[in-house]
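A.B. asks: One letter stands for each residue in the lines below.
There are 2 protein chains.
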Amino acid sequence: MRIQLLALLILILPCALTTDAQQHQPLFSHHLLPVPAKLEFRTGRLAIKRSLTVAVKGYQDERLVNNIWRAVKRLEGRTELELPRIFESDAAKASLLIECQGAGATIPSLGEDESYTLEVSDTQALLRAPTVVGALRGLETFLQLLESDREGYFIPAVSIQDQPRFRWRGLMIDAARHYQPLEVIRRNLDAMAAVKLNVFHWHLTDDQGFRVESKKYPKLYSMGSDGLYYTQDEIRSVIAYARERGIRVVPEFDMPGHATSWAVGHPELASAPGPYKIERQAGIFDPTLDPTREEVYQLLDGLLGEMAELFPDEYIHIGGDENEGKQWDRNPQIQAFMKKQGIKDNHSLQAYFTLRLVRILKNRGKKVMGWDEILHPDLPKDIVVHSWRGPQSLAEAAKKGYSGVLSNGYYIDLMYPASKHYLVDPIPAESTLTEQQAAFILGGEATMWSEYVSPETIDSRIWPRTAAIAERLWSPRTVNDVDDMYRRLDRVSIQLEELGLTHERNTAVLLRRLARSPEVEPLKTLISVIEPVKQYNRGKMHPTTMLAPLTSLVDAARADPVVARNFAAMADGLLADAPRFQNNREELRHLLTCWRDVWPAMEVLIARSAMLRESEPLAKELSELGAAGLEALSYLSSGTSPTKEWREARMALLARAARPRAAVEFAIIPTIRQLILAAAEMSQLKAESAQEWQRRVKMMARENEDKRTK
Amino acid sequence: MRIQLLALLILILPCALTTDAQQHQPLFSHHLLPVPAKLEFRTGRLAIKRSLTVAVKGYQDERLVNNIWRAVKRLEGRTELELPRIFESDAAKASLLIECQGAGATIPSLGEDESYTLEVSDTQALLRAPTVVGALRGLETFLQLLESDREGYFIPAVSIQDQPRFRWRGLMIDAARHYQPLEVIRRNLDAMAAVKLNVFHWHLTDDQGFRVESKKYPKLYSMGSDGLYYTQDEIRSVIAYARERGIRVVPEFDMPGHATSWAVGHPELASAPGPYKIERQAGIFDPTLDPTREEVYQLLDGLLGEMAELFPDEYIHIGGDENEGKQWDRNPQIQAFMKKQGIKDNHSLQAYFTLRLVRILKNRGKKVMGWDEILHPDLPKDIVVHSWRGPQSLAEAAKKGYSGVLSNGYYIDLMYPASKHYLVDPIPAESTLTEQQAAFILGGEATMWSEYVSPETIDSRIWPRTAAIAERLWSPRTVNDVDDMYRRLDRVSIQLEELGLTHERNTAVLLRRLARSPEVEPLKTLISVIEPVKQYNRGKMHPTTMLAPLTSLVDAARADPVVARNFAAMADGLLADAPRFQNNREELRHLLTCWRDVWPAMEVLIARSAMLRESEPLAKELSELGAAGLEALSYLSSGTSPTKEWREARMALLARAARPRAAVEFAIIPTIRQLILAAAEMSQLKAESAQEWQRRVKMMARENEDKRTK
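Residue numbers (numbering that gives the first Met the number 0), protein chains in the order written: chain U, 0 to 709; chain R, 0 to 709.
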């Protein structure tokens, strides 16, 4: 009994130490994300009180007005103030005056003017924009400026002139691998608008599902979707929702590969005889549209015609990726066709196919976008190349005069930290492109491939990391301080949840389900230091189908865990304080103690829930890692050196703990290694400057790390 | 710097001690809620593995099949197992065999057979039901039976014969005061099905909004809803969603009072000249339909005819509550009408109005339901009286031969604990009704009035407390052990979040918004011991309009906080252990220490966020309460008696802390008082038996409490 109670006590220990952002920042630090092109803070502040009034001058329409009241409602939510709901008629008196010059494009479109200026003084915030979309971007900035202190809420006096660096700033959501209900799409559109993204790329078809209603070819979706598809009415509602937020909707119909789901209802489209079943696995599959048969183009003409009417955007994405051409190689009729037409290889056959699509879509007033592979000398210059291969391939396309959008480096499904994505630039500083060539690079897109996400977890894979990409695509190239980005990201992340996003809140739901209990503290501790394996290793380690429940430990784990990041920062602070090693010591000790004690507490939970079995070895190792860290800390504090044996045993532990299991891995290994090496290298501290010593220890600790995160 | 860091350390202390349910329960305790009518556990278990198969025998249709696969998916989510998705053809081999005798009613209807039997052995679970709805109820039971241990997942061997005690088991959601989007409605229907509720009562009109599209009278919703209404397509989709789960949808059009929103577009309906505006306040308002004019009935005939077609249920709820008749008193034409017709008072005039509605609806094949006030000798016996006045009024109606549904005692918006609702019985043990009379009492409905709920907070006001009401209405009257209900409620609450409910997860979102920071530990501690003020005191203390943001401390607070409940149980355990006072001592000390230390930690947060200003006095007092509790604990431990002055000062603190502020109050006052009185009365312990002493202390501590929670 007593033992159980003690276990219970340990069980509720809190283990999420976060660094105090305020201690690192100057007197006033803004929380704008993305950072505006030009930004100058002044002295003074505009108080936000119950009496706040809004006025509109110049052009106004329903979209602008709706957005203003939505912004007011969000402001109310963050202040508890109930604000007036009618416009102030005297513009000079308004707390917020919005001057909009015109409607802008009827439908959000590529290259629309999104600029705005915002001048905030003690008496008024003046938001000016040439278009409604520009005004919307400015409203988001206005909302992000809100601060508060003991005197109340305020917007600091500031002068902002802002416009995006890139015209194409997208988020792709793959709704094919796992269907995502409308509320998922809507809340992600809200989040996109909050960080000024402007293209929603909707990956609607793939081997695992054909997710769009076609009135002309109903078998496509009725047989290819398990009943999980978007009706045309629903799609129109999403387009309207996106338009309201100044976001384009670019649909993707992935061809000629990734087409299994098409062939379920229409086996005659494929390059080998059917029947076909909806694909349940993740990977690259054989079924490929037959580019040699006129009936295929007839159906595509009908389908794309229907889709061209449904989707108002100028661009339609036709996929084009990962066609390995296996069905083509094995089909004598296709081989004969190639011979007859003088088509020398599959890449050229795909170019033939793409060209036909380009013509079909041109007749419908649309331009074509496709993945890297569509690029071929035969193709016209008005296609957009969507690069999953890298900035290099993008630059090459630009040199040839093709427009391009970068996604390589923005694959958020690969579980890399925000910092990594953040530093990927569509036009890197070292780019040799001429200005004219560079202009072909339209921007970038974060890609949320959905092999391993459910509606419950998808937000946690997209946010907040995608906000870092949004900043890369909007803000000047020189805005690239990773620490400062993270500081602002923490605030934005909270604001995204206000909009309905679930990336933080659903973690607790997953943990409670795993534990079958409201008591999840030790599990929270464990989850706070692990992350899903990167790249496509989850599928390799833990192969599951698209029907698998996504409720495991790895689904609760998140990329780029805050606690691990703060732990690293605190350890750096400790080592920088050599040879005293006082800085952050208590916080580190607390955190490491939590980790050391996680095992007995987790044992209680594991006994109650079979879902936690796979966390057992992880919890035990976290316990060992915590103990090792505490030992290192105590060597550093006391100034005594550990034995060589100690170092070796601890390094062996690290090697053991670094192996991924249950499709997760520890995110704290390099920092623990750093502490252990610091303790082991302490005797060298006299021989080097403290700074030199610290740099060396850090380098040693990270030696193998770069390989892992590449 | 050091101080700030220490504050930070305190800041992350964990302060949610929960009692260990397992320590109070026998070797095997089920988690069924509601408890079945007959339940007998056997030895053995059906293992739930990847090889689990399902077979269906007898009648089957799409609804049954959909529900089975949904149940399988939920089972997968709770086990991480990927289960086969085709039926087993050999019934004898199936792990779960479902034998359904027939479809049941096409549309869920009053009195439909919802019974089922479930026999689980080592080799098979056999679910038998006369109707599809019965099978659905059984599937929910099957899912709730899932347990796990180190050997894996299993369903314990059991024999269940189950049917509901009452035919009408409802949840009313008021979508008029605050419009609730479709996803709120849908997820609440999911939750209802999980606890076997079968009537969704949709309060669609009120002074603050007319929320349903009428094709015949579009001004009703277009002018009366701020654009927040349900289209008829949406309503049909909700009805289909509910039908799929065996839930009836009873719409309410509240008349003749509560009708301001009707009069905005149709001022001619009201009993006084317009114009009218949508009401923004909470309360009872004058605008009332004019029962003396034929044009009013013409519109109602048209509208109700349209609604009768839209809603397939046999019943339509016409409201009828809280008509104070002020407009009638002041309208000479109405007064003349009454005189001419010999109608002696407003109640009779309303009966005249109701009777006209009864006739209109009878022509459309519908029966009428209305609140208490509609009861009048002139009305036919086939109306259903919806009692907000109490079991007494219900019994009286039953004696007169009127059917009735109880909601008094089930007003979940009043913020009472689940235990209070749980013990309210539509036919209490002491009822003097004959069996025949009792049969008129159809059941009950939890009512979620929405003056103070947003889509973000509504689930936290409904769940999990409504599950306790669901058990009252389904299970035998003798199932009434409050502690056991809470034990099972904790598990059900987790399962409801799996379905998408947000009652737990959204609390953290509200706290982070309040703190403007991810660091919310001290705020979590505070929120865990407070609850919103009860009854309608929020509106009195903190009057706001329907447009107010619902993002304050009180919105994050929840009725019946778990920590306060566990604290009370632990304190009881401590006192029961007199004179040793060992039992639970360490846990209590930990919890009280957390409370004592909440103040400096909260101070840091408050300095950063103006939204936390109103929590300042509460945090300070919690700190004092914690200190007082620790002092009491230490007197008890050491066996020394405090001075009279100590007692008096502490009692004065309690009186001070008991006052509600910021529309919240402490839920821990009686328990702290109990500890203080125990310390103060320790010297009496020798004079009485320990049990007697404990009872007396408890009684003293609760003296004023009953008044408060009544």
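The set of hints was computed from the structure by calculation and includes no laboratory data.
Be careful, since some hints might not be right.
The list makes no distinction among identical chains, and a pair is therefore deemed to hold if it is satisfied within one copy or across any two copies.
[Stated by the list, open to error] Within a straight-line C-alpha distance of at most 27 angstroms, the following computed BS3-like cross-link-like pairs (lysine-lysine) qualify:
no.	residue 1	residue 2
1	215	361
2	539	218
3	685	619
4	37	339
5	218	523
6	48	276
A.B. asks: Are the hints correct? Go through all of them and say.
C.D. replies: Comparing the hints with the structure gives:
no. : hint      : in the structure
1   : 215 / 361 : within (20 angstroms within a copy, 45 angstroms between copies)
2   : 539 / 218 : neither (33 angstroms within a copy, 59 angstroms between copies)
3   : 685 / 619 : neither (36 angstroms within a copy, 49 angstroms between copies)
4   : 37 / 339  : neither (60 angstroms within a copy, 78 angstroms between copies)
5   : 218 / 523 : neither (46 angstroms within a copy, 52 angstroms between copies)
6   : 48 / 276  : between (60 angstroms within a copy, 26 angstroms between copies)
Of the numbered hints given earlier, the model fails hints 2, 3, 4 and 5; all others are met.
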